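Dock chain one against chain two, each of which comes alone in its own frame, and use the hints as you go.
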Amino acid sequence: MPPDVEAVAEQVFIALADPSRRAILAALASGGPATATDLADRLPITRQAIAKHLALLAEVGLVTAEPGERRRVRYRLRSAPMQVAQQFLAALARDWDSPLEALKDHLDRDAGGPATTPSRERGHQA
Amino acid sequence: MGFPDRIERTLEVAHPPSKVWAALTTAEGLGSWFGDEATIDLSPGGPAQLRWAGGATVDLRVERVEEPTVFGFTWHIHGLPEDDPRRTYVEFTLEPVGAGTRLTVVETGFAQLPEDAYRKAYDSNTHGWASELGELVEYLDAA
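In order, the protein sequence lines correspond to chains A and B.
If you count the first sequence from 1, position 37 lands on 37 in this note's numbering, and the numbers rise without skipping.
If you count the second sequence from 1, position 12 lands on 12 in this note's numbering, and the numbers rise without skipping.
Isolated chain B (complex conformation) (with noise of 0.2 angstroms):
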């Protein structure tokens, strides 16, 4: 078995919980040490992107704010096509640790699979460009 659903990981820094929560959920902090800039709408179902000098972008939406314990984001899954609809959770959480905090950040959803993306794996039925063109053209005619 090794296709891993969940990565996790713990670092201690040595700063207080509330200076860790404005690196993660500031505009400011996000655009220092995660993209290049940053802008986030710090409320669940809002928006936020980060973006690197390079033109990349990536897209977020925050789902769990609890100041200053626990920021929760989805994303789209790199590498799937830009329409695919699965999002990966990440959420960090923030436990003071005497002057410090420990945090921990979690992503989770990488094995999630669509129902039928099994059946859909080796059926025979063929999609794609093609059928979508033929759809398309068949879509023109009729207009």
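Just chain A, same shape as in the assembly (with noise of 0.2 angstroms):
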């Protein structure tokens, strides 16, 4: 896997650490591409704060400008560098430590006769 992954997933990260940025980025994916100006309607925060965080986050890719006037460019939302830091949380959403407990318990109660954990087995044989 070639590192750059990893970096493509920390500045998803990081992007996603603000709460203004989460606000920019929940608007862009839920209303579609949106002018600095549009986003400063629909969000308390100011136009000024707004267009910082547009160009930090054109940076980074994770929405780029259209071309246009100044005043009237339109952000667009990119999702290729989410699913990147997508696969990053699968790997550790996954859990196996709660399955494979289950599965000890479902053999154990399998077993027939009273339920006895292997913990108590060995400590029989001790």
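Quick caveat, the hints were computed from the structure, so don't treat them as lab data.
For clarity, every value in this text was computed on a predicted model and none was experimentally measured.
Keep in mind that a hint or two might mislead.
Okay, the calculated beta carbon distance ranges per label pair [stated by the list, open to error]:
no. : chain 1 : residue 1 : chain 2 : residue 2 : range
1   : B       : 36        : A       : 20        : 35 to 45 angstroms
2   : A       : 10        : B       : 12        : 32 to 42 angstroms
3   : B       : 102       : A       : 56        : 46 to 56 angstroms
4   : A       : 13        : B       : 58        : 24 to 34 angstroms
5   : B       : 57        : A       : 110       : 21 to 31 angstroms
6   : B       : 44        : A       : 29        : 32 to 42 angstroms
7   : B       : 18        : A       : 31        : 49 to 59 angstroms
8   : B       : 43        : A       : 44        : 55 to 65 angstroms
9   : A       : 89        : B       : 10        : 22 to 32 angstroms
10  : A       : 70        : B       : 39        : 55 to 65 angstroms
11  : A       : 71        : B       : 78        : 33 to 43 angstroms
12  : B       : 37        : A       : 41        : 45 to 55 angstroms
Covered stretches of chain B (chain A as the covering partner; in silico rule of three or more C-beta atoms under 8 angstroms from a C-beta of chain A) [what the hints assert, rightly or not]:
no. : stretch
13  : 7 to 20
14  : 27 to 35
15  : 71 to 80
Virtual Cβ for every residue (Gly too), placed ideally from N, Cα, C.
Set out below in structure tokens:
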């Protein structure tokens, strides 16, 4: 795996760590491309702050600016870096410990007779 | 480097491999400990499905069946879009240890990315719903 992949994921997590940037990305995800002015109308964030955040988000590739006059530039969400970060999260979210614990319980419960856990059995042998 | 590609767990159970095998590879077994209900066609390429009471389902594809030592399947990577073709591979290995079994589960493939993923993550081409919808409009217009 190229190390750049982790750099992409890191940029996503840095971007999402800020509540204003989360709000901007969420607005673009739900409402489609928008200008900084559109976003300022919809979010409790000043236009100046939105412009600053959009510049950062564009720099790391999470949004792209569509060509246009300065105040009419529309920003569009880019999903590719999000998908890279999602893979990272998928690995962290994969929980094998709980199912394997359940498997162990299932096997013990199914053994017939009084339920005994392996640790108890070892205790008896000791 | 914090991106795990491989998850591995080993546990020893006080039951013979045949019994562990049944728990891993039958609808009855899988529907007891893994899901709330399950179906499985236990042959390479065969479909399997786990269902939970809450309505969630997961589709598996059986890949390796070597009774009673190796059972492998692939499944969708949790969290990626439904139509994303990437899958992780899960392999259970059963080894007899005395009267019991050492069970190892290895899941690999979390870090897989298509050839162009890095470029795609940075390049400035804009894709997504807006352009897809544009294509749909063009298609409908042409018809």
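*Structure versus earlier hints, numbers of those that do not hold, lowest first*: none
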